[in-house]
Amino acid sequence: MARWDEILSLPVQSPPNIEFSAADIVWSRVEGWRETMDKLALIPFSRVNDFVRGESNNKDCPTRFHVEARRRRSPEMANKLKVDGILEYILYWCSFGPDDHRKGGVVRPSRTYCTKRKTPAGRPNTKRGCVCHFIVKRLIAEPSVALVIYNQDKHVDKKGLPCHGLQDTKSVGTSAMFAPCISDELRLQIMSLLYVGVPVETIMQRHTEAVEKQGGPSNRDDLLTHRYVRRLERKIRRSTYELDPNDGISSNMWVEMHRDHVFFYEDFSDSEPFVLGIQTDWQLQQMIQFGNRSVIASDSRFGTNKLKYSVYSLLVFDSKRNAIPVAWIITARFSSGEIHRWMRSLYDRIRSKDPTWKLGGFIVDDPLADVNVIREVFQCSILISFWRVRHSWHKNLMNKCSDIGMQVEVSTRLGEIVSNICRDRDSLDSFHDFIEDFVDCLDFLDYFKGVWFPKLGAWTNILKSLPLASTEVSSAIECYHNQLKLRLLNEKDSNIYQRADWLVDKLGTKVHSYYWLDEYSGKDNFARYWKDEWKCGLTAWRRALDILDSDVVFDGNSATVVHPSNPRHVHLVLIPGSEFAICDCNWSKMGNLCEHVIKSNKIYHQNRSNSLSTSMFQYKRTLMNLLKCPPHNSLLRDHAISLAASVQAQLNSLFAQEFCASRTGKSVPLEERVTAEPTSTSNKAPNNVNDVLNKNQEAPLENFSIAGASIQPTEKSSAGFMAAEEQISAGKASESLYMEGPSLDSRVYQQLHSSRDGMLVDDNINEVAITKKMKKVDQSSMECFQSVTEYGVTEGLAKDKCGRNFSDVHERRTDVGDSCAPSKPSASIVVAESHSIGDEKTEISTTVDDSFCDANGLNDPAYHGNGVAYCSRIIEEPSSDFRQANIVKFESADVKVCMDIDVLRSEEKVCDNGDNVEVY
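In this note's numbering, the protein residues as written are 137 to 1056.
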């Protein structure tokens, strides 16, 4: 029992790599059978395949591990409560063993082969007596953990000599130098090409050309044979989706055959519908790569009109901003109570592969989506995409209303209603007025009232509570939706759409192959075999970037856009700047977002300073809400006080040292100890820096209070004071005080927390009012700067810590080209990662209103404790030392705000690129 106590006390190791080997694990030695010492470790059972693949990709001895023996306890068998009880036992052995078919080798009697056999089982020609193997045990005590026993980790034969790989001199020039079979990546590439219709001869021709170009074979993949490719092609041709005449039984058989590709499955029952979650290994890798610290979008209602079971797609965006499906969920219906059934399983699957994976934002396209479940599982902010509604309205308006003038009026009105609802200026009543005003457009109104009017209440509520995703995201989701329609719904027999086994089989094979080839770098070599469903062009947003700004000409309420590939082809865009702009191109008439509308809208917003897209308006409004917080609940106030107290503590440590030196005639090293004390009602902010400094010089060795902090000088050793190695000159220290924004002058304090009503005009951002207010702050800070420089401080600043709950303050040097201080070449900019002053005595906290938190996802634990740093000017991009601060820089006129709010960083990624916002 002592052995198992020691084993179960070992830590469960899960390296962050997608695949890991024995070199990535810390192994332990535990006494085993027959007084031997076993080399073992604990890993998650769900990551056993990752360990097997990592061990197979050994550079010195490339190989494959096969299951030599397996024992599994029957589910009907009662599990005995034993510490050493085993649920599953798996023996993995190197594919070059254990038999030895070399001359003089030993072959087990049960593994004799007939020399005339056409397809020798187990590839006996590759057996070279390798003894490398390991054992995996799944314990009853810990079913989620796998015990790996790896005693024979060397690829040698029974004589202890290398038997394959680069270390075996006898294998040079033979296939034993490489792995016994091709890699999974090459096999997936061949299968994908075969599924989309590329001939076997073409695949082998391209492969042979690539091997000759690199100068000969260098790994096992270069030894691909025509026979192997032909065998895969025959396997695909003979396969069928209908494994059983009964649809339910056939689907269940498919799930049993593809367990590795299923992350959630619930069969038909009386109370619950059929639910199947599909995610291949490649999709999992894409989700980990492109979804980490980024956004995931959903396409929740594909195939609701044709398919028996609709498809819910989860999408990530690659470096080219193309949507990649990373999971498909198939079920009979999707409602607010269905997402929780599979979303937690998907999240656990990802975290088991990469424990550090974290989602930045989730985009929904259904007003009935369970936002609380999504936020609880992924702990991220939620956004709403309006592309589906816009597509449907625009398409039916073009088809049901032939009058161009009426189309323009209806589109303009709908755009204004949606924009006003997102900006909290309108409500559901505006749609009632819309129906009364356009009674002449009868066909469209019948469609609008019959299909959308019952849903408008839910859409109005979700648009008011969640930020709106940008046009770039909408164009990517729309492009994916149209591609999936071409690749999936192209069968001649429409009755086949009513079978679930056909749907899951085609998604996991042919459709998956199309999206894998979209990311394949060598797909251009097979361009002659491209079909409509294989072609993957750029999104409308990416195509709009190819149009020059000079090719867009505005004329009143319309704009002409010259096509980049054909200058003679000009498109007319009506009501540019609106989300419901109308273009005369065929793609737009089908209800889709076209590049002409996107480009004209972008130029329209750039040329008009007071015109913002809806998503950009919501982003800037989020910044303004932080400035509009009440004084007792203001992040900006917390930062100003913490920064002022920190700088003041450093200044007083310097003056205390100077006073002690003047009294005693020699320098006595001191270190300031700053402790937080309750701020009495009689304590007021100092009038200016001069009063503070004079007060400190009158009683330098006694306790004195600054901004509620008691400064108590105490004698310390010389090493204690000199521990602050970062010292700056007096002029640079004063300039740092000026550059940091909030100074110690009470006039700056009053201006920062005075009424901010002038910053908004009819809920619009008043840039002029903000600029004037910041200039006043800069002027007051300059006066403080001049007051401090009169004392001629020459000593360095010590890094002291306040008794309040301040975080470490980072300091860096940067060149400053500020017009207010042209003679000062450099400054020290201080950025605090967290500035909570929420101690019980002062009762100051760094939170915002609950309603604002709920609407923007700030109530998540991941966002608590973040602070706000405000600077009047920041010239240089922060260095790599500040990457953990997640700073967002927002430029508007002469004002730049630095935010340390992750939700703003994630929301910025889906804002229109036409506005001057950048993340670093």
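Any given hint could turn out to be false.
[To be verified] In the DSBU-like style, the derived pairs of lysine-lysine whose C-alpha atoms are separated by at most 30 Å in a straight line are:
| # | residue 1 | residue 2 |
| --- | --- | --- |
| 1 | K628 | K195 |
| 2 | K536 | K646 |
| 3 | K756 | K628 |
| 4 | K756 | K667 |
| 5 | K591 | K371 |
| 6 | K531 | K628 |
| 7 | K628 | K494 |
| 8 | K442 | K536 |
| 9 | K444 | K306 |
| 10 | K442 | K273 |
| 11 | K442 | K646 |
| 12 | K349 | K175 |
| 13 | K646 | K667 |
| 14 | K371 | K621 |
| 15 | K273 | K239 |
| 16 | K349 | K442 |
| 17 | K371 | K600 |
| 18 | K371 | K306 |
| 19 | K239 | K218 |
| 20 | K494 | K531 |
| 21 | K273 | K290 |
| 22 | K295 | K306 |
| 23 | K371 | K494 |
| 24 | K456 | K239 |
| 25 | K494 | K585 |
| 26 | K659 | K349 |
| 27 | K591 | K349 |
| 28 | K306 | K290 |
| 29 | K756 | K371 |
| 30 | K600 | K756 |
| 31 | K175 | K494 |
| 32 | K349 | K667 |
| 33 | K642 | K667 |
| 34 | K444 | K349 |
| 35 | K239 | K349 |
| 36 | K621 | K646 |
| 37 | K444 | K273 |
[Claimed, not checked] DEER-style ranges, computed between Cβ atoms:
| # | residue 1 | residue 2 | range |
| --- | --- | --- | --- |
| 38 | T492 | H568 | 43 to 53 Å |
| 39 | N661 | S375 | 19 to 29 Å |
| 40 | R373 | N661 | 51 to 61 Å |
Think of the hints as simulated: they come from the structure by calculation, not from any bench. By construction, the Cβ of each residue, glycine as well, lies at the ideal position given by its N, Cα and C atoms.
Okay, the hints, checked on the actual structure:
no. : hint                     : verdict
1   : K628 to K195             : violated (49 Å)
2   : K536 to K646             : violated (36 Å)
3   : K756 to K628             : violated (50 Å)
4   : K756 to K667             : violated (44 Å)
5   : K591 to K371             : violated (48 Å)
6   : K531 to K628             : holds (26 Å)
7   : K628 to K494             : violated (43 Å)
8   : K442 to K536             : holds (22 Å)
9   : K444 to K306             : violated (60 Å)
10  : K442 to K273             : violated (47 Å)
11  : K442 to K646             : holds (19 Å)
12  : K349 to K175             : violated (44 Å)
13  : K646 to K667             : holds (13 Å)
14  : K371 to K621             : holds (26 Å)
15  : K273 to K239             : violated (35 Å)
16  : K349 to K442             : violated (48 Å)
17  : K371 to K600             : violated (53 Å)
18  : K371 to K306             : violated (36 Å)
19  : K239 to K218             : violated (47 Å)
20  : K494 to K531             : violated (37 Å)
21  : K273 to K290             : holds (21 Å)
22  : K295 to K306             : holds (15 Å)
23  : K371 to K494             : violated (39 Å)
24  : K456 to K239             : violated (55 Å)
25  : K494 to K585             : violated (41 Å)
26  : K659 to K349             : holds (17 Å)
27  : K591 to K349             : violated (60 Å)
28  : K306 to K290             : holds (17 Å)
29  : K756 to K371             : violated (56 Å)
30  : K600 to K756             : holds (15 Å)
31  : K175 to K494             : violated (33 Å)
32  : K349 to K667             : holds (28 Å)
33  : K642 to K667             : holds (17 Å)
34  : K444 to K349             : violated (49 Å)
35  : K239 to K349             : violated (36 Å)
36  : K621 to K646             : holds (13 Å)
37  : K444 to K273             : violated (42 Å)
38  : T492 to H568: 43 to 53 Å : holds (50 Å)
39  : N661 to S375: 19 to 29 Å : holds (26 Å)
40  : R373 to N661: 51 to 61 Å : violated (23 Å)
The structure is inconsistent with the numbered hints 1, 2, 3, 4, 5, 7, 9, 10, 12, 15, 16, 17, 18, 19, 20, 23, 24, 25, 27, 29, 31, 34, 35, 37 and 40, although it conforms to all the rest.
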